[in-house]
Every structure is written in structure tokens, then in C-alpha cells.
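Novice: Each chain, written out:
Protein chains: 4
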Amino acid sequence: MAKRKIVGVTGIRSEYDIMSSVFKAIHEHDGLDLELIVTGAHLSPKYGLTIKDIERDGFKIADKIESLISGDFASSRVKGLAVQLQGMIQTVTRVNPDFLIVLGDREESMTTALIGAYLNIPVVHLCGGDKVIGNVDDQVRHAVTKLAHLHFTTNQESSERIVKLGEEPFRVYNVGNPGLDRLLNIPELSCEQLSERLGFQILDGEPFLLLIQHVISTEIEHAYEQMNTTLEAVSRLGIKTVLSYPNSDAGSQEMIKAIEEHSQLPFLFISKNIPRLEFVNIMRKASCLIGNSSAGILEAPLLKLPVVNIGNRQKGRLHAQNVQFVEHEISSICDAVSKALYDEEYKKIVYSCENPYGDGQSSHRIAKILADIPIDNKLLIKEITY
Amino acid sequence: MAKRKIVGVTGIRSEYDIMSSVFKAIHEHDGLDLELIVTGAHLSPKYGLTIKDIERDGFKIADKIESLISGDFASSRVKGLAVQLQGMIQTVTRVNPDFLIVLGDREESMTTALIGAYLNIPVVHLCGGDKVIGNVDDQVRHAVTKLAHLHFTTNQESSERIVKLGEEPFRVYNVGNPGLDRLLNIPELSCEQLSERLGFQILDGEPFLLLIQHVISTEIEHAYEQMNTTLEAVSRLGIKTVLSYPNSDAGSQEMIKAIEEHSQLPFLFISKNIPRLEFVNIMRKASCLIGNSSAGILEAPLLKLPVVNIGNRQKGRLHAQNVQFVEHEISSICDAVSKALYDEEYKKIVYSCENPYGDGQSSHRIAKILADIPIDNKLLIKEITY
Amino acid sequence: MAKRKIVGVTGIRSEYDIMSSVFKAIHEHDGLDLELIVTGAHLSPKYGLTIKDIERDGFKIADKIESLISGDFASSRVKGLAVQLQGMIQTVTRVNPDFLIVLGDREESMTTALIGAYLNIPVVHLCGGDKVIGNVDDQVRHAVTKLAHLHFTTNQESSERIVKLGEEPFRVYNVGNPGLDRLLNIPELSCEQLSERLGFQILDGEPFLLLIQHVISTEIEHAYEQMNTTLEAVSRLGIKTVLSYPNSDAGSQEMIKAIEEHSQLPFLFISKNIPRLEFVNIMRKASCLIGNSSAGILEAPLLKLPVVNIGNRQKGRLHAQNVQFVEHEISSICDAVSKALYDEEYKKIVYSCENPYGDGQSSHRIAKILADIPIDNKLLIKEITY
Amino acid sequence: MAKRKIVGVTGIRSEYDIMSSVFKAIHEHDGLDLELIVTGAHLSPKYGLTIKDIERDGFKIADKIESLISGDFASSRVKGLAVQLQGMIQTVTRVNPDFLIVLGDREESMTTALIGAYLNIPVVHLCGGDKVIGNVDDQVRHAVTKLAHLHFTTNQESSERIVKLGEEPFRVYNVGNPGLDRLLNIPELSCEQLSERLGFQILDGEPFLLLIQHVISTEIEHAYEQMNTTLEAVSRLGIKTVLSYPNSDAGSQEMIKAIEEHSQLPFLFISKNIPRLEFVNIMRKASCLIGNSSAGILEAPLLKLPVVNIGNRQKGRLHAQNVQFVEHEISSICDAVSKALYDEEYKKIVYSCENPYGDGQSSHRIAKILADIPIDNKLLIKEITY
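Protein sequence lines, in the order shown, are assigned to chains X, E, U and W. The first sequence lines up with residues 21 to 406 when you count with the numbering used here. The second sequence lines up with residues 21 to 406 when you count with the numbering used here. The third sequence lines up with residues 21 to 406 when you count with the numbering used here. The fourth sequence lines up with residues 21 to 406 when you count with the numbering used here.
Treat the hints with caution; some may be incorrect.
Since copy identity is lost for identical chains, a pair holds within one copy or between any two.
Claimed, not checked - With a Cα cut of at most 16 Å, we get these calculated EDC-like pairs of lysine to aspartate or glutamate:
no.	residue 1	residue 2
1	Lys72	Asp37
2	Lys260	Glu226
3	Lys292	Glu280
4	Lys184	Glu212
5	Lys23	Asp118
6	Lys23	Asp355
7	Lys151	Asp392
8	Lys151	Glu403
9	Lys23	Glu180
10	Lys335	Glu403
Everything labelled a hint here was simulated from the structure, so no lab data went into it.
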């Protein structure tokens with residue numbers, strides 16, 4: 021029997037970090053063939069030209085679609101979405117896959133879902149059903165759900181939300197978060213190895229923070245101030261801190277400005293792009309993750325890493341007990357970090373928390389479904405349930 | 021107080037016919053200013069270059085955005101959507117309106133909704149919540165609902181469906197179908213006047229059919245055959261029939277081919293573009309509307325016009341008792357038309373039917389809401405209700 | 021040694037008719053591999069969906085790039101050019117050929133030349149150096165010459181003009197018109213065969229005209245009137261006439277309108293798309309070609325076919341003695357046709373004319389050069405000669 | 021009489037610095053109205069978001085067209101050109117100007133020229149006819165000449181070259197370099213004022229260098245190494261040096277990397293964007309300009325500033341005796357700088373050099389021509405002269 025052809029779409033490092041194990045499982049499945057469309061921030065030197073990681077991973081690249089506009093307006097993002105869509109329809113027409121697969125709520129999700137819907141190619145959407153108020157991403161995520169044909173969620177709550185959105189239940193699978201699959205398989209680095217690769221010292225037993233903070237699309241005008249507040253808290257705490265650059269969203273230039281203004285702090289180590297291997301090992305060794313990265317919600321529980329989530333970005337998401345939510349306010353941030361580092365009661369709770377986002381076996385589960393599910397009118401013709 | 025600036029988006033005659041009375045009500049409201057983005061089929065000679073109608077109506081045109089690809093593939097539609105989006109972001113950035121307003125489930129709805137969502141400009145969506153299975157339009161319509169900020173529905177059922185989709189109830193208004201507003205105001209033409217304008221004879225008391233049939237996006241490969249079946253039924257019935265061209269969707273070329281093959285039927289009168297005035301007067305005088313036009317569902321009840329709806333396009337929609345649903349099958353079509361013309365019982369039922377789509381006062385209702393509703397974070401930040 | 025990879029770009033039937041023998045020669049050359057980018061009118065049902073001919077010819081298609089805007093404005097053409105360019109850069113980046121090859125002065129030539137110039141891939145341009153005043157095509161053709169790296173002209177005069185334009189002489193080859201290669205190889209059809217394929221009768225010995233007339237971009241507003249004048253002349257002449265539709269340029273819709281208004285003439289046979297085989301056999305049997313097709317200048321001399329060229333489109337081009345130039349004026353057209361059909365002196369001159377556009381061996385000449393020429397800085401870095 | 025409407029197109033600070041005085045002269049002319057299309061690097065925070073300068077200058081902005089792709093490939097530039105063209109056709113269609121005006125050989129020139137040619141709107145091209153071998157810009161500049169209707173050159177040599185390119189002589193005016201107009205009018209800053217604005221000290225009488233170096237499109241792979249060599253020379257010279265960032269061309273990221281690696285040099289002062297006022301005053305006070313900026317060729321003679329031009333970028337251009345040309349070689353650079361600073365003979369020659377690029381009165385000359393020249397077929401229909 022002919023192999024099913026799967027086209028995966030990836031646009032940025034943060035999402036590829038989750039998807040790469042899914043791509044690997046598809047690539048290695050006997051009944052499936054994989055090609056990738058690489059677009060967006062992957063092709064920008066400003067975000068580390070991460071297409072090189074994808075090429076190193078050895079996946080077949082169907083097309084590279086340059087789409088990231090060098091701009092910091094909200095309009096830049098829409099322009100980029102349009103450019104991406106205009107290129108992607110050409111690729112999908114040529115490759116004519118059996119499935120399109122994409123994750124999340126960024127431009128890539130929308131373009132992929134639109135193409136699948138209009139071309140009658142089933143769209144597999146990962147991480148739908150999540151709820152993160154206060155962000156255009158939330159609108160986009162649910163809109164993509166209404167366009168997509170299969171929904172692979174990372175948790176039970178999201179599966180239920182998707183069914184409430186009128187999706188037929190047979191389309192919805194709680195497969196767990198595939199980001200965890202790769203997490204567990206990533207090799208252990210010693211502090212020495214890690215220090216050498218990063219270019220600054222991580223000492224055994226020395227406490228340190230990991231800081232990642234992204235722009236919220238409805239709070240773009242506060243981007244500078246939000247990053248500044250966090251860095252002022254870091255400054256007051258005086259604890260060694262590893263900072264990784266924000267994503268390429270509108271407003272990120274403002275955040276980078278705040279970072280550059282703090283670049284002289286002696287205990288602050290700034291990196292534009294931490295490769296996944298180093299990143300996971302930093303998470304394993306860090307005392308606390310601060311900012312608003314989804315890694316704090318999704319991955320940290322499996323690693324028993326305390327998280328101080330600042331501001332609205334992850335608010336309202338299903339989370340384990342390792343996460344404290346605080347406002348953009350210096351002393352609240354400092355207090356929460358102190359609790360995470362020094363409160364023994366709280367540390368025990370974190371140590372025994374369970375991850376509502378799965379068990380690290382998601383990727384093979386996904387590949388199996390893609391190989392087995394019938395591609396028929398039941399799958400292709402969507403019917404709202406009410 | 022400064023007037024609120026409204027940008028309306030219109031892409032095709034069939035939708036403009038409904039929207040023009042809304043545009044008029046906005047234009048005439050003291051607290052509102054209107055500019056239109058004219059795009060898609062309006063700028064194509066193939067579909068009658070209907071931008072001329074808009075210019076004649078005297079609305080300010082913010083930009084003309086050519087976007088219709090001369091192609092009959094499903095991909096042509098996506099390419100056009102991308103081109104439209106790439107142009108429209110430029111216009112909206114320049115005009116920077118207080119509201120964007122758009123109707124339905126075509127490419128225009130999606131591009132408008134995406135721009136509003138990313139630019140944090142409230143999107144007003146008309147005719148959401150309807151349910152028409154078996155069509156990419158259905159997926160697009162519900163996805164647009166998830167992106168838009170205000171929902172003006174044409175009927176109670178659709179309002180309820182939108183709330184079930186997780187939209188906050190304060191965003192949803194059942195305003196009725198604004199297409200009916202203009203319908204009631206359109207001047208009466210005598211049979212003589214109508215005949216002269218159309219170039220063929222409509223006689224007082226003589227029965228005749230009005231035929232409009234569009235392509236279903238999931239049944240593109242049957243487009244030719246579906247139109248052919250309908251025309252064969254017309255051929256067998258032998259009743260005078262006025263045919264209006266299908267919309268510019270993928271597959272429409274195939275339908276046009278079938279039309280051209282029947283162009284020699286002596287009682288068949290074909291028109292590429294019937295202006296609204298003539299169209300409504302034809303509906304007033306016709307004995308029966310056949311095909312799958314939404315006019316049969318939405319407008320015909322107000323005019324007490326019997327409808328024979330062929331195939332899946334309008335299936336499952338809320339409708340009055342004037343509509344009979346039949347398959348693409350010659351004798352079923354003929355039987356239903358005969359019933360509509362000659363069954364006195366059924367004719368009485370049609371004559372007394374009520375329109376679930378409103379009372380012809382929708383446009384002023386809409387303008388008033390746009391002038392009065394606070395534009396604040398409650399409106400701008402969407403929160404899914406579960 | 022690795023084969024050289026050639027990417028050919030084709031956008032419309034009229035140009036493909038000339039290029040297909042070049043593509044064939046490249047495809048069959050041991051040292052060369054060919055892939056085609058198919059775009060523009062080839063993908064539009066309105067222009068006969070001629071990509072099917074290309075698929076039938078068996079060339080590898082690198083990408084299909086939909087780009088033709090369904091519009092009749094001058095802006096439609098630019099929009100289409102932009103869409104084409106945005107798609108083509110993606111394809112060329114993926115395929116990364118050793119040469120790009122394109123013919124003429126349409127949108128395809130400009131997009132291909134721009135991509136080659138910026139990507140440092142040598143661009144091979146056919147039919148540059150020609151001079152046709154009064155048309156944006158003329159500006160585009162010479163601009164493409166300034167961007168391209170190799171110039172294959174169809175005649176000595178054009179080669180000399182290109183050198184005068186400051187191009188280094190080693191870049192310029194007079195290879196003759198490759199359209200003639202295929203012309204000579206096209207099988208002979210009898211009048212019976214031809215009649216059957218066309219659906220109307222061509223009789224042995226019966227005189228008939230072939231009419232092809234395109235829009236001039238600087239005279240778009242006269243498009244209707246120009247076609248109308250020609251058809252009025254045909255009407256007065258009363259000679260059997262075969263008419264082929266104009267190209268997909270702005271204004272062509274107006275010409276089509278004039279054609280439709282004359283469609284009732286009993287001796288006029290209209291075809292939207294005459295396949296090449298039939299077309300050449302019509303040229304072989306026709307008494308005279310009228311209109312403004314380049315076939316009259318380029319191919320007719322080899323077939324000893326008299327031509328009446330109407331208006332400015334081919335004015336000033338190098339031509340053999342088979343061509344008479346007339347204005348858009350009914351009686352001038354009639355007189356010239358009469359001379360072509362009945363003036364024995366003139367007929368002798370036509371019969372013995374020589375073709376300044378080559379000998380029918382151009383394609384193999386081109387393939388050989390592409391296989392042999394060194395690809396080095398001399399080729400890649402252009403130096404204006406003054 | 022109605023004012024003539026002029027649309028100017030500007031894409032980057034370096035070009036706007038020259039054009040702004042032309043825009044001012046047009047804006048202030050009684051018979052002319054000006055609107056600007058602002059695009060490309062002007063809208064990118066990476067290049068200083070220089071649209072703010074334009075807004076401050078008070079010109080009417082017809083549209084902002086985001087087009088700069090965040091990428092460092094040669095393809096990024098073409099993609100950006102396509103995006104720009106797709107947006108610009110919309111603006112020009114709306115504004116429908118009497119003239120389009122643009123400068124140089126960047127993407128903006130090509131898009132503007134194409135639109136004017138296809139829309140039959142006369143294109144005014146500044147700085148055509150220059151000759152800079154070894155760069156795609158050269159091909160683009162001459163191609164734009166073949167598309168444009170009026171050529172305003174900065175020197176006699178370029179005017180003659182344009183006529184040799186087959187342009188009709190009446191289309192060519194040697195108006196001088198308008199960049200010089202503004203140069204002369206820019207207020208004088210004292211060393212103290214300048215130091216304060218720049219954030220580092222410029223001392224009266226203290227020698228210092230100004231360094232500006234851009235990427236050459238055919239030598240992208242050497243971008244890092246070229247900048248590195250120059251900075252190594254600076255390092256060896258040990259003279260105070262003010263460095264301004266390269267333009268947003270492919271490869272510029274590599275140059276920025278080399279700059280960042282030298283950022284610790286105590287006598288090196290780096291600026292991402294030096295405003296024009298400060299820039300000109302730096303030129304007035306600097307001892308020598310090094311790198312490959314066109315300012316060295318075009319403006320420096322008027323200011324009697326010695327220039328060491330490194331590499332191929334300006335090679336072969338008409339220049340005054342203030343310019344020394346050297347290779348990318350450390351000791352050659354050092355020698356030439358020493359000669360410029362310490363060789364009294366040479367300093368005298370520089371002091372008395374004449375500027376072949378005009379007298380600082382170009383802008384009013386241009387405005388007058390645009391107001392007076394007849395817009396007729398002679399202007400609109402181009403005829404190659406051989």
C-alpha cells in the first residue's frame with residue numbers, strides 16, 4: 021500500500037521544539053512519509069536561523085517560505101501571514117499530501133488550516149482547545165479548531181473544550197503534549213559541559229533562574245515596561261539568571277531594548293537562541309523558571325521545576341502545582357521566587373506534582389492515528405454538532 | 021464628538037445586495053462615517069464589473085483590491101484570499117477605522133476577521149451562526165465567528181448557535197436579515213418595464229421560473245453535471261425560465277459550460293448579471309425560484325415566492341414553508357416545480373408563511389448599535405465562555 | 021559530470037508554441053536537465069487551461085504558479101506580475117538551477133530576469149532586441165535585456181540592437197526563431213482532417229482568411245473599436261474567416277465583446293483556443309493572415325503566407341515581403357486582402373520571399389550553447405560596454 | 021489649473037537623505053502636490069524606523085507598505101520586491117498621480133518603474149546612468165532606465181550613458197545631485213553640540229575617521245571578511261573612528277557580526293542610525309571617510325573631505341580627486357588613510373577639487389521641469405533610438 025504523505029508546517033524554534041519528536045515518529049513510521057514546510061522565524065537570522073537545526077535533523081524540506089516581515093507593528097504579523105499563505109498554497113498544491121499537520125496558534129496554524137479547508141486535505145491541529153485569555157492567539161487557536169479536521173490535544177480539559185466548540189467527538193484525541201517526549205530523551209549534560217557550551221558558568225548546586233518572557237499581542241504597548249519590570253526584579257534578587265530572547269512577535273523589539281539596557285548586570289547571561297539540548301539541561305538544573313513561557317506550564321512539572329509566571333500570558337491555563345502566578349510588579353516577583361527557592365513546604369509540593377499534559381509517549385500515538393484513520397467523507401466533511 | 025469610522029468590506033454582487041442597505045444606514049447615520057474596501061469579483065469583468073454599481077451608489081471607496089485569480093482550482097480561491105489579505109492590511113492600516121464590518125463566509129469574511137483580530141480593531145460579522153453542512157464555507161463561517169467581536173445574525177437559531185460556540189452573549193444580536201430592508205424599498209417595475217430592461221418578454225400572468233445555481237465547494241467535480249441536470253429539468257418542463265450566472269467560485273466555469281450548451285433552448289433567457297432592481301422584480305413576478313440560491317431561503321418568504329432548492333447547498337438551514345428540498349434528479353425537480361405552480365393547497369401555505377429572517381428593519385438597528393456600543397476592553401478582549 | 025539544470029518559465033500558449041521545441045531540445049540533450057515553471061494564462065480556463073498541453077508533452081513541472089488576475093485594468097497585469105514573482109522566487113530557491121530561460125516581453129520575462137539577476141543565476145532571454153514601438157512590452161523587453169545574461173535573438177538586426185544597448189557582444193547569439201523549428205516538424209493535415217477537428221469546413225482550394233488580433237497596451241481604450249473595424253472589414257469582404265481569440269491582456273474583454281457581436285456572421289468561425297497542430301495547418305492552407313499576430317511576421321514567410329498587419333502592434337519590425345501594413349480602416353484592410361488574394365505579381369513576390377528569422381534549427385543550437393558555455397564570473401558579472 | 025499630483029517613493033534612509041530636498045521643492049511648488057509612498061527599511065526597527073523622520077518632515081504619506089523580509093538570503097530581497105510591488109500597485113491605482121518619482125537602483129526603483137510603465141504614468145528616475153560594475157544594482161539601474169520616462173542624472177557622464185542606452189535625448193536632464201542641496205543648507209553644529217547629540221566626544225582639531233561600508237550583492241559571501249578587514253585596519257591605525265551601520269541588504273547581518281566583534285575597541289564609536297544633521301556635521305569635521313559609501317563619491321568633494329574607498333562598490337564611478345581607491349587589504353587601507361591625513365600635497369589637491377555632481381540647486385530644477393513639461397504621447401510612448 022502506498023505510504024500516506026504528511027506535510028508538516030513549522031515556523032519557529034519554540035514550536036519546532038515540541039513538534040520535532042512528532043515529525044520523527046512520522047518519519048520513522050512504515051506507513052508514512054514526511055515533508056516539512058519551513059517558514060517564518062526559522063529563516064530569519066534575527067531568530068537564530070533555526071532552519072539549520074531542521075536540516076541537521078535530516079527531514080525532507082518541501083519548501084522554504086520566507087514570510088517574516090522585519091517590522092514591529094501588529095500589521096507586520098498580518099502581512100507575514102498573507103505572504104506565507106501565498107507561498108504555502110503553491111507548495112501544498114505541488115506536494116498534494118494526505119494530511120497537513122501543524123501546532124498551536126501562530127500564523128502557521130491559520131495558513132495551514134485555511135489551505136486544508138479549501139483544498140479538502142485533512143488538517144491535523146495540535147494543542148487546540150487551550151484557553152489563554154487576553155491574546156489574539158486565543159481567537160486564532162479556536163478559529164483554527166473550527167477549520168481543522170483532527171484535534172490532538174495535550175490535556176483532557178482542552179479536549180472537552182473542543183467538543184463544546186461544536187466539533188464532532190470522533191475528531192478529538194487527548195494524546196498528551198508531544199513536547200514531553202523529546203524532553204525525556206534529551207541527553208544529560210554535566211554542569212561543566214553545559215557551562216562550556218553556553219560560554220558562562222553553571223555551578224553544581226548553585227541556585228540560578230531561567231528567564232523567558234514573550235510579548236502579549238493585546239499588551240504590545242507595555243512590552244518594554246513588562247520586560248523592564250522583570251529585569252528590575254532580577255536585579256533586586258541578585259541571583260544568577262539565564263535569559264533567552266523573546267519570540268518574533270510585534271513588540272519584541274521593545275523587549276530586546278529593555279534587555280540591552282540591563283545587559284551590564286554582572287549575574288545576567290543573555291542568549292539570543294539557546295539550542296534545545298542546552299535549554300532542557302538548563303531547565304533540569306535551574307532553581308526556578310520566571311517569565312511567561314509555556315514551558316513553565318507544559319514541561320516544568322515533569323522536571324519538578326518551580327515556575328513564577330508573570331502577567332497575563334498563561335493565565336487561566338490548566339497547570340500543576342509548580343506554578344505561581346504574579347502580576348508585573350517587582351516585589352511580587354521577588355516574593356514568589358523566594359518561596360520557590362527557600363520554602364521547604366512548597367518545594368515538597370512541587371516535587372510531587374503530576375503533569376496534566378501527558379506521559380511522554382504522544383508522538384507515536386499521533387503517528388499511529390495518522391497511519392490508521394480512514395480518509396473518507398466522514399473525516400473530510402465537517403458537521404457542527406448543534 | 022468625532023464620528024466613528026466604519027470600514028465595510030465587499031467582494032461580490034450577491035453579498036453587496038444584502039449589505040448595501042446596511043452601508044446606506046451607516047452612511048446616513050450622524051455619528052458614523054463609512055468607507056468601503058471593494059475587492060474580489062466586484063473588479064472582474066467576468067462577473068459584471070459590479071464596482072460600477074457601488075460607485076453609482078456613491079459610497080466612499082477606501083481602496084480597490086484586485087484579488088480574484090482567473091482559475092478554477094480550489095487553490096485559486098486560497099491564492100486570491102492571500103492576495104486580498106496582503107492588500108487589505110495596507111488599507112486598514114492607513115484608514116485605521118473604529119470598526120470593520122463584513123458579511124458571510126467568503127474570502128472577504130476571513131481576511132477582514134483576521135485583520136481585525138490582529139490589529140485589535142473590532143470586527144462586526146453579519147450572518148454568522150448559520151449552518152450549511154458540506155461546504156468549506158461552513159468551516160470558514162464558524163472560524164470567522166471565533167475571530168469576530170460582534171455577531172449580527174439574521175435569525176434566533178443562529179444567535180443561539182453562536183452562543184453555543186463559546187461566544188459571550190453580549191456580543192450577539194439577532195438583527196434580522198438586512199437584505200430584506202432593501203428588498204422592501206425597491207421600486208416596483210411593470211412587466212413592460214422589466215421586459216424592456218431585460219431584453220426579453222415577461223408577460224403579466226404568464227408563469228415563469230427563476231433559476232440560480234452555485235457550485236458547492238466539496239462537490240466541485242459535479243458542478244457540470246449538477247447544472248446540466250437542472251437545465252434538463254427546465255428543458256422537460258418547457259416553462260419560460262430566467263437564468264442568472266453562478267458566483268465566481270471554483271467550478272463555476274464548468275457550470276457555465278453546461279449553461280452554454282443549453283443556450284439554444286427557446287424559452288431559456290440567460291443573464292450574466294441581473295442588476296438588483298430587475299432581480300427583485302423578477303422575484304416578485306416569478307412563479308417559482310429553483311436552484312440553490314440563498315435568496316430562496318432568506319428573501320423569498322417575504323415575497324411569498326415558492327422555492328425548489330436542489331441539492332445540498334442550503335440543506336439544513338432554517339427556512340419557511342415556501343421551500344421544497346429535492347435531489348439533483350430531473351423528475352424530482354419537475355414534480356416539485358409542478359407542485360409549486362399548480363397545487364392550490366401548497367400555494368395557500370406559501371402565501372401565509374412567516375419569515376424567520378426578520379422584518380426589513382435590520383440596517384438601522386445595526387447602525388445604531390455601531391454608534392452606541394462602548395469600544396473598550398470588554399469588547400476588544402474576547403473570552404471563550406467555557 | 022553532473023547535468024546542468026535548466027528551469028524554463030512559460031506563461032501563455034502563444035509563447036509556449038515557440039518555446040516547446042527549445043524545451044524539447046534541452047530535455048533531450050545528454051548534458052541538460054529541464055524543469056518548467058508553468059504560470060499565468062496557462063492555468064486559466066478562460067485561456068484554454070493550456071497547462072494540459074504541457075503535461076501532455078511530458079515535461080517535468082517544477083511548480084504551477086497561479087498568477088493571472090481576473091481583471092481588465094492595466095493594474096491587473098502588474099498585480100499578476102507581483103503575485104507571480106512572489107511565487108517564483110520560492111520555486112527557483114528550491115530548484116536552484118544553473119540557468120533560467122524565458123522568452124519575450126511578458127510578465128514572465130520580467131519576473132524571471134529579476135530573480136536571476138538578484139540570485140546570481142544566469143538568465144537566458146529569447147527574442148530580445150526586437151523593436152515594437154507603442155507598447156509597454158517594448159520597455160519591458162529592453163529592461164529584461166539589461167537584466168539578462170545571455171541573449172538569443174531571432175535575427176541579425178535584434179542582435180545588433182542589443183549590442184548597442186551596451187551588452188557585451190559575447191552574450192549575444194543570433195540563433196534564429198525557434199518557433200520555426202516546430203513549425204517545420206508539424207504533421208500535415210488534409211482539409212478533411214482539419215475540418216473534422218475544427219468543427220467547420222475547410223475546403224481544398226477555397227480561399228479563406230485567418231484572423232488574430234491582440235490588444236495594444238497603450239491603446240487599450242480602442243480595443244473594442246479596433247476589433248470591431250477588422251470584423252466590419254471581414255463582413256464587407258464576405259470571405260470565409262477563421263478567428264482565434266486574443267491573448268489575456270488588459271482590454272481583451274472588450275475585444276471579445278466585439279467578437280461576440282459579430283458571432284452571427286455566417287462565414288465567420290470563432291475559436292477560443294486553436295491547438296498548435298490545427299493552427300499551423302490552417303496557416304498552411306489560409307489565403308491570408310490578418311490582424312496583428314506576431315505569427316505573421318515570424319512564421320508566415322516560411323510558409324509563403326501573405327499577411328495584412330493592421331495597426332501599430334508589429335509596426336517597425338523586421339519583416340519579409342509577405343507583409344502589408346495597414347491602418348485600422350475598413351477599406352484599407354479590404355484592399356490589402358484583395359491584393360494578397362488576387363494580385364499575381366504580389367503573389368509571386370510572397371512566394372519567393374526569404375525568412376530573416378532563421379532556418380528552423382534554433383532549438384538544438386540553443387541547447388548546445390547552454391551545455392557548453394562556461395558558468396563563471398565573466399558570464400555572471402555584467403559590465404555595460406560604455 | 022489643477023495642480024499636478026506627484027507620488028514619490030522612498031525605501032531607506034540613505035536614499036531619503038538625497039530625496040528629501042527634492043520632495044521639499046515639489047511640496048513647496050505652486051503647481052505641484054506631493055504624496056509619498058513609504059516602504060522597505062523605513063518601516064523596520066532594525067534600520068531605525070526612519071519613517072518617523074519622514075513624518076517629522078511633514079510630507080503627506082499616501083501609504084505605508086511593509087515589505088522588508090527579515091532574512092539574509094538573496095531571495096529575501098526578491099521576496100521583498102514582490103511584496104512591495106503587490107502593495108504599491110494598490111496605492112498608485114488609488115492616488116492616480118501625474119508622475120511617479122524615485123531614485124537609484126534599489127527594489128523601490130524597479131517596482132515604481134514597472135508600475136509607471138504598465139499604468140502609463142510617467143516615471144521620473146533620478147541617478148540613472150551611473151556605472152558601478154560587479155553588482156546586481158547595476159543591472160537594475162539600467163533596466164529601470166529602460167522602463168522610465170524621464171531621467172534626471174547627477175552628472176554629464178551619466179546623461180551621455182543614458183543616451184547611448186537608446187533613450188531619446190529629450191528625456192535626459194543633467195540636474196546635478198540633489199543630495200547636495202540639502203547638504204549646503206544643513207545647520208552647522210559645534211563640536212560640543214555634536215558630541216552631546218552623539219553621546220561621545222568629537223574634539224576641535226582632533227583627527228577622526230568616518231566609516232560606512234555596505235554589502236556588495238555579488239560578494240555577499242565576503243561580507244563578514246570585508247567589514248572585518250576594514251575594522252582591523254582601523255584597529256591598527258588607532259585613530260578615533262565613527263562607524264555607521266550598513267544598509268539592509270542581504271549579507272548585512274554578517275557585517276553587523278564583525279562590527280559587534282570589534283565593539284570593544286576604545287576609539288571606535290558605533291551608531292545604528294546617525295540622523296542626517298549629525299551625519300553631515302560629522303562629514304564636515306572628519307579627517308577622512310573610509311568604506312564604500314556613495315557619500316564619498318557624491319558629497320565629499322563639496323565638503324573637501326578625503327575619501328578612502330575600499331573594494332569594488334564604487335569602482336569605476338566618476339569622481340573628484342578627493343577619492344583614493346584601495347583593495348580589501350589592511351596595509352593599503354592604512355597607507356591611504358595616512359596619505360589623506362598627513363600628505364600636504366595631496367591635501368591641497370583635495371582642497372581645490374571640483375564636484376562633477378553639481379552645485380546644490382538640483383531640487384528646484386527638478387520641480388520646475390515636473391511642473392512645466394507637457395504630459396503627452398511624446399512623453400508617454402517611448403521609442404528606442406536605434
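Novice: With reference to the structure, classify each hint as holding or not holding.
Specialist: Here is how each hint holds up against the structure:
When the C-alpha separation of lysine 72 and aspartate 37 is checked against a cutoff of 16 Å, the pair qualifies only within one copy, where the shortest distance is 13 Å, while the shortest distance between copies is 38 Å. For the identical chains of this complex, lysine 260 and glutamate 226 are intra-copy neighbours only, at 9 Å inside a copy versus 43 Å across copies, given an alpha-carbon limit of 16 Å. Proximity of lysine 292 to glutamate 280 under the C-alpha cut-off of 16 Å is found in both arrangements, the shortest distances being 11 Å within a copy and 14 Å between copies. In this homomeric assembly, lysine 184 and glutamate 212 never come within 16 Å of each other (Cα to Cα): the closest approach is 50 Å inside a single copy and 55 Å across copies.
Proximity of lysine 23 and aspartate 118 under a CA criterion of 16 Å is satisfied intra-copy only: 9 Å inside one chain copy versus 33 Å between copies. Taking the shortest Cα distances, lysine 23 and aspartate 355 never come within 16 Å of each other, neither inside one copy (55 Å) nor across copies (48 Å). In this assembly of identical chains, the alpha carbons of lysine 151 and aspartate 392 never lie at most 16 Å apart, being 30 Å within a copy and 30 Å across copies at closest. In this assembly of identical chains, the alpha carbons of lysine 151 and glutamate 403 lie at most 16 Å apart only when taken from different copies (9 Å versus 23 Å within one copy).
Within a single copy, lysine 23 and glutamate 180 get their C-alpha atoms no closer than 32 Å, and across copies no closer than 43 Å, so neither meets the 16 Å cut-off. Proximity of lysine 335 to glutamate 403 under the C-alpha cut-off of 16 Å is restricted to the inter-copy arrangement: shortest distance 12 Å between copies versus 31 Å within a copy.
Against the hints set out earlier in the document, violations occur for numbers 4, 6, 7, 9.
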